[in-house]
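Asker: Note that the sequence shown covers residues 526 to 1256 in this note's numbering.
Among the clues, some could well be false.
[Claimed, not checked] Below 30 angstroms or equal to it, Euclidean Cα-Cα: the simulated DSS-like pairs (lysine-lysine) are:
{"id": "1", "residue 1": "K993", "residue 2": "K966"}
{"id": "2", "residue 1": "K757", "residue 2": "K845"}
{"id": "3", "residue 1": "K757", "residue 2": "K692"}
{"id": "4", "residue 1": "K757", "residue 2": "K668"}
{"id": "5", "residue 1": "K692", "residue 2": "K668"}
{"id": "6", "residue 1": "K692", "residue 2": "K845"}
Keep in mind the hints are simulated off the structure, nothing from the lab.
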Amino acid sequence: MTYPVSRRFQANTRCMLSVLAAAGLGVAAAAPLHAAVPSVLYTPNLSAYPNASASSPRAITLQHSGDHNGTMLASFDDGNTFAVTDGTGQPTGFPIYRSTDSGATWSRQPLSVVTDTVHGWKFSQQPMLLEIPRQIGGPQGLKPGTILLVGNFEAPNVAAQDMEVYKSTDHGRSWTYLSSCVSGGGSGHGIWEPYMQVDANGNLDCYFSDERRNVSGYSQIIGHVTSTDGGKTWGPEVADVGVPDHHMRPGMPAVVRMANGRYAMAFEMVGETASQVHMKFSDDGANWGDESDLGTLVATADGHYLGATPELIAIPPSRKYPDGALVLAAKAYFDQNGGQTPATGNVLLMNTANGTGPWSRAPAPMGLNPSPTLYPDCNNYKPGLAWTGQDNQIVALSPRWIAPNVCEVVHARGHVAPAAQDATVVAVAVGPDSRPWVLWKYADNHIALWVLTPDGSSLVHSASFNLKAGWTVAGLAVGADNKPRLLWDGADGSAVIGVVSRDGGYVEQVHQYGAPVGTIGRAIAAGPDGLIHVLWSGVDGPAALWTLDANGQNVATSKYFPGFQGWTAASLAVGSDNNPRLLWNNDNGAIAVWTQSADNATTLSNYQYGPFLGTRALALASGPDNQIRVLWSATDGHINLWTMNSIASTLINNSGFGPYPGATAVSLGVGGNSEPRVLWSSTGDFMDLWTMGTGGSNLLFNYSGTPVAASDDHRGRSYRDHERDQDQDQQ
526 MTYPVSRRFQ ANTRCMLSVL AAAGLGVAAA APLHAAVPSV LYTPNLSAYP NASASSPRAI
586 TLQHSGDHNG TMLASFDDGN TFAVTDGTGQ PTGFPIYRST DSGATWSRQP LSVVTDTVHG
646 WKFSQQPMLL EIPRQIGGPQ GLKPGTILLV GNFEAPNVAA QDMEVYKSTD HGRSWTYLSS
706 CVSGGGSGHG IWEPYMQVDA NGNLDCYFSD ERRNVSGYSQ IIGHVTSTDG GKTWGPEVAD
766 VGVPDHHMRP GMPAVVRMAN GRYAMAFEMV GETASQVHMK FSDDGANWGD ESDLGTLVAT
826 ADGHYLGATP ELIAIPPSRK YPDGALVLAA KAYFDQNGGQ TPATGNVLLM NTANGTGPWS
886 RAPAPMGLNP SPTLYPDCNN YKPGLAWTGQ DNQIVALSPR WIAPNVCEVV HARGHVAPAA
946 QDATVVAVAV GPDSRPWVLW KYADNHIALW VLTPDGSSLV HSASFNLKAG WTVAGLAVGA
1006 DNKPRLLWDG ADGSAVIGVV SRDGGYVEQV HQYGAPVGTI GRAIAAGPDG LIHVLWSGVD
1066 GPAALWTLDA NGQNVATSKY FPGFQGWTAA SLAVGSDNNP RLLWNNDNGA IAVWTQSADN
1126 ATTLSNYQYG PFLGTRALAL ASGPDNQIRV LWSATDGHIN LWTMNSIAST LINNSGFGPY
1186 PGATAVSLGV GGNSEPRVLW SSTGDFMDLW TMGTGGSNLL FNYSGTPVAA SDDHRGRSYR
1246 DHERDQDQDQ Q
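Let the hints inform the model, and build the full structure from the sequences given.
Answerer: This is the structure we're talking about:
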């Protein structure tokens, strides 16, 4: 059966096709992605210093400083290469910021600034902080709690370089020059990226990237020098990683001591695809084996990996992680084919077996917009990590892009835990309060609900629920009372509607219904009048539309539709006029949008569009403005977001985005502020939630995240907690 088509629809089809052709089949340039908003540590004053920026943040938590234990110190560099040589950069050294609340907040102004007191050079790069854990270098050496900073100071035009070491014995308030662990270099044969660690022999090692052996075929190596007298003098360089092929450039070493006493070195391998991060291991931190041994690629079991500018930290053993944990950050995140994914800037890698075996994805404490390219911008360039000294809580710091070649430093704190395996994001729904709710399902047959802030920038709460065997979650809606409603289907042909508390913490009511013959529960929606609407459908029809009370307890009205060959009722939305809208998909790529009367009795309007080969309409949504949005997905991964008038007779706007490697659009929602929310499923168990402007053409925020196991989730309470609380109250 074909749908009746009005004359008005025929005219709109011609108009719509011209819009698609002008946009190149609807694919428009994507707006920059703006991610979750972390807190700002430092923003350059571009009015006073137009070439200023910030990069390479580093932080430590004091653990050997008596009453000052738990204090955190952070630093970073100018980040805009060669900017300070003409006097227009800021700062002219390494600022030291302090936190006394485990990284939640930081001092507004630097506690101190480490400047070059040897040469007076203004350009400084790549600071690294280290607290001395025990007496080293003999009785006259360095005491526990001494803080060292090593940085790369450079002469104008990089004519010379000096990796200078400064020490502080008053917890970062003042600094004195100790020594230079390595000097020389210069543009084209430079020394870069210093990193220090105390080895198992009680000596101080200074690791760095070295271009000075390029005459021997090494584009760059990683080497180190050792001090046996607490950093006063340094021995000869030892090569740790190097390939004499004039091409491969191992660099940016980060070295930590693991829980088993061995040492791990993470480094980037420039010259490989995406500058993959490798790791080598050492028994003592001073001997790393044959320099031609490139170690192992740090990757997940499914081949995903981090690339470029790594930072590595070790978390000590705990009840949760008996063998401790390694946490790795880097500039970008890649899939098994080497494609940068939308999860870039939002994911860490984690290992709880002293670096052996595959690594696990872990949600980062903050999200950053993905870099458009791996190189040249400063976004997330050499991010920083620090353990707070509490459980598995860490602080992340990163450069965040604010203008071409300009970044500020941002920070966030959170618990780190491996991402849940086999989690799939299913749907988004938004209530009158504009808070988006996100629904996840897991292979072990439980689901999770997330609720975000109204602007979609950060997570407020999450909770998990178990489903019975054979049941499948089918839909999510948010009622006029801002409580989520869940729809799930059973293998026995029935369906359940559940009402969840406003905080998402527990299920308040559950009601089970038998599905109309030949259908399953397809979608659920709620209107301003508080009533719940459920769409049932099967292939080639049939379909049914029910209206229930706000609790899902009683069916008020129902409408059954006979089968329409080639058509499937796919999505449901309710406008501000309380009239349901149905989205029908045809096998040939066409769609139809129906507007039903609030009592389901009458089809008020019916407009058909297409077919459009290679595309499929995924979802329908409506908000207080009563406009209809349709989300389309193309076979190449790009999407189109349509904005239509209240009866779908006129296409107001068509915006195209993508494609994005590894990302697939899955759902659409519109809430109290009439801003569309587009939900993406990204490669590697990640989701991205876009908050769009009301017109659907501009992107306001992108929140990225991945769930962790319920036992690792510190953000909310599950229904099990609620049941346990009730049991305790009754006892």
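Asker: I'd like to know which numbered hints this structure contradicts. Please list them from smallest to largest.
Answerer: 2, 6
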